[in-house]
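Given next are the chains, with one letter for each unit.
There are 2 protein chains.
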Amino acid sequence: MTTSLELVSANKCFGGWLKRYRHPSAVLNCDMVFAVYLPPQADQGKPLPALYWLSGLTCTDENVMQKSGIQRLAAELGMVVVAPDTSPRGDKVPDDADGAYDFGLGAGFYVNATQQPWARHYRMYDYVVDELPALIEAHFPVSDQRSISGHSMGGHGALVCALKNPGRYQSVSAFAPISSPLHCPWGHKALGNYLGPDRQAWKDWDACELIARAEERLPLLVDQGEDDNFLVEQLKPELLEAAANQHNHPLTLRRQPGYDHSYYFIASFLPEHMQHHAAALGC
Amino acid sequence: MTTSLELVSANKCFGGWLKRYRHPSAVLNCDMVFAVYLPPQADQGKPLPALYWLSGLTCTDENVMQKSGIQRLAAELGMVVVAPDTSPRGDKVPDDADGAYDFGLGAGFYVNATQQPWARHYRMYDYVVDELPALIEAHFPVSDQRSISGHSMGGHGALVCALKNPGRYQSVSAFAPISSPLHCPWGHKALGNYLGPDRQAWKDWDACELIARAEERLPLLVDQGEDDNFLVEQLKPELLEAAANQHNHPLTLRRQPGYDHSYYFIASFLPEHMQHHAAALGC
Chain P
1 MTTSLELVSA NKCFGGWLKR YRHPSAVLNC DMVFAVYLPP QADQGKPLPA LYWLSGLTCT
61 DENVMQKSGI QRLAAELGMV VVAPDTSPRG DKVPDDADGA YDFGLGAGFY VNATQQPWAR
121 HYRMYDYVVD ELPALIEAHF PVSDQRSISG HSMGGHGALV CALKNPGRYQ SVSAFAPISS
181 PLHCPWGHKA LGNYLGPDRQ AWKDWDACEL IARAEERLPL LVDQGEDDNF LVEQLKPELL
241 EAAANQHNHP LTLRRQPGYD HSYYFIASFL PEHMQHHAAA LGC
Chain F
1 MTTSLELVSA NKCFGGWLKR YRHPSAVLNC DMVFAVYLPP QADQGKPLPA LYWLSGLTCT
61 DENVMQKSGI QRLAAELGMV VVAPDTSPRG DKVPDDADGA YDFGLGAGFY VNATQQPWAR
121 HYRMYDYVVD ELPALIEAHF PVSDQRSISG HSMGGHGALV CALKNPGRYQ SVSAFAPISS
181 PLHCPWGHKA LGNYLGPDRQ AWKDWDACEL IARAEERLPL LVDQGEDDNF LVEQLKPELL
241 EAAANQHNHP LTLRRQPGYD HSYYFIASFL PEHMQHHAAA LGC
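The listed protein sequences derive, respectively, from chains P and F.
Take the first sequence: its position 173, counting from 1, is numbered 173 in the working numbering, and each next residue is one higher.
Take the second sequence: its position 48, counting from 1, is numbered 48 in the working numbering, and each next residue is one higher.
Take the hints with a grain of salt, since some may be wrong.
Just so you know, same-sequence chains aren't split out, so a pair can sit in one copy or run between any two.
As the list claims (entries may be wrong) - When the alpha-carbon atoms are kept at most 20 angstroms apart in a straight line, the in silico EDC-like pairs for lysine to aspartate or glutamate are as follows: (1) K203 to D43; (2) K19 to E226; (3) K164 to E241; (4) K19 to D227; (5) K203 to D91; (6) K164 to E272; (7) K19 to D43; (8) K92 to D130; (9) K19 to E62; (10) K164 to D130.
No wet-lab data here; the hints were simulated from the structure.
This is chain P alone, in the form it adopts within the complex:
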């Protein structure tokens, strides 16, 4: 890898370092910023496993690092955490015509767009699954042991990335994921624009559809707050549950009474997700 990384910021945290880098993305045709947390164990020479965290609508790489407490857990476990942005960025990158929060900038949905004007930049799936890990593994003391998690749109992204790539991730989990973009307004808008009106093409980006074709029985760990404002209209964990039941796919879906869609919910259950990933990664 000869891609240049420009250090944007560095903060010492729980004995390790949270660093943000800017780099030109060949896949997305723009400059991107990502965050990587290197725990204290990264100084000891042994490559460490990495967890990729995919954030939700409107987020950047910063939300999980500022609000979830993930660095403390990663420092305890000896795990690197990588947080990409949620869409391509920059003046050249087209956005929702009305600047809406649920499409365009901050809302890449972790798919590869096929429709113009989106297809030139909106290829977050290839970025997250291939380009970014290659960059991370070339520049940091990171092994090829990877896990993936995320929240809301990023929970959908994590499930899709894992289900589409048997063997590539040792474990996967999600917080309040968009369980089936085929069956919710956020998904209809995003996939309709990025992929066009043919709903057959959408099925490649829907966790429930991908469970039906999964070659690997990678266990899914999902937490969902019962007081989440988006639960009924957008997230629909019952669809994930039905698909898992129908296709005998291992799913642990935990409905958490009183919890909402915020990072306060994520922070509360992240310790158990990190234990889940650590066990799979051999931390």
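With chain P's structure known, arrange chain F on it following the hints.
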């Protein structure tokens, strides 16, 4: 207490509830918002001790709750956490003429102003020490066991509140406090405006001066990042150290290599501060 509390928001977090309330403040002559984290133990009927957290310049009640991980620790220890805002607020409240970040709104410095136009609203000391605890203790299952901590301007505030009120706080700690507003530009600007040009009056609001007159030897726990941008010009922990040495006041001052002024630094060492407070509060 008949003061009305208007619930602004509620988020379940680590089994407890983070709640934000708006209320009219008689001391500050404006409406104020504060945050209170009620750990799961708050449902068990026994009054719990409370930690008051004072934030730094530009902050509100939200920063510590979003970025420090304090709810996790409070839930483990059975401690209520109260976070006031950092100044009076509202259209009626005068601000720095240039809208600077280091004076006026978001920069109350936890003093009682004596000069106009500030004196009518800027009485954050009375608010934090008296009005807010009375409100908290009337409305929530909270005992009269209190501790206080804070960051930067709020570290100064925590030290001053504790040193001026022997017996009122069971413990005190600070992250990167403004050790001596008499000896730094932030302090000169704030105290010069709030208290007027007579520096003798400033001494009532300077931790180093208060150590010299302290009637109680309450141990001070202070963490300071060595890579803090404000260390040399504004924070000056060496002045606190000298005052403690000269007056035989117990001070644990820990200089942390590589750490900066951010909440990443606070999050990293907050667990030890919470243990310090829990021991004093009998948690």
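Cross-check of the supplied hints:
{"no.": "1", "hint": "K203 to D43", "result": "neither (43 angstroms within a copy, 46 angstroms between copies)"}
{"no.": "2", "hint": "K19 to E226", "result": "between (34 angstroms within a copy, 18 angstroms between copies)"}
{"no.": "3", "hint": "K164 to E241", "result": "within (18 angstroms within a copy, 59 angstroms between copies)"}
{"no.": "4", "hint": "K19 to D227", "result": "between (34 angstroms within a copy, 15 angstroms between copies)"}
{"no.": "5", "hint": "K203 to D91", "result": "neither (31 angstroms within a copy, 52 angstroms between copies)"}
{"no.": "6", "hint": "K164 to E272", "result": "neither (24 angstroms within a copy, 43 angstroms between copies)"}
{"no.": "7", "hint": "K19 to D43", "result": "within (14 angstroms within a copy, 40 angstroms between copies)"}
{"no.": "8", "hint": "K92 to D130", "result": "neither (23 angstroms within a copy, 55 angstroms between copies)"}
{"no.": "9", "hint": "K19 to E62", "result": "within (10 angstroms within a copy, 24 angstroms between copies)"}
{"no.": "10", "hint": "K164 to D130", "result": "within (13 angstroms within a copy, 59 angstroms between copies)"}
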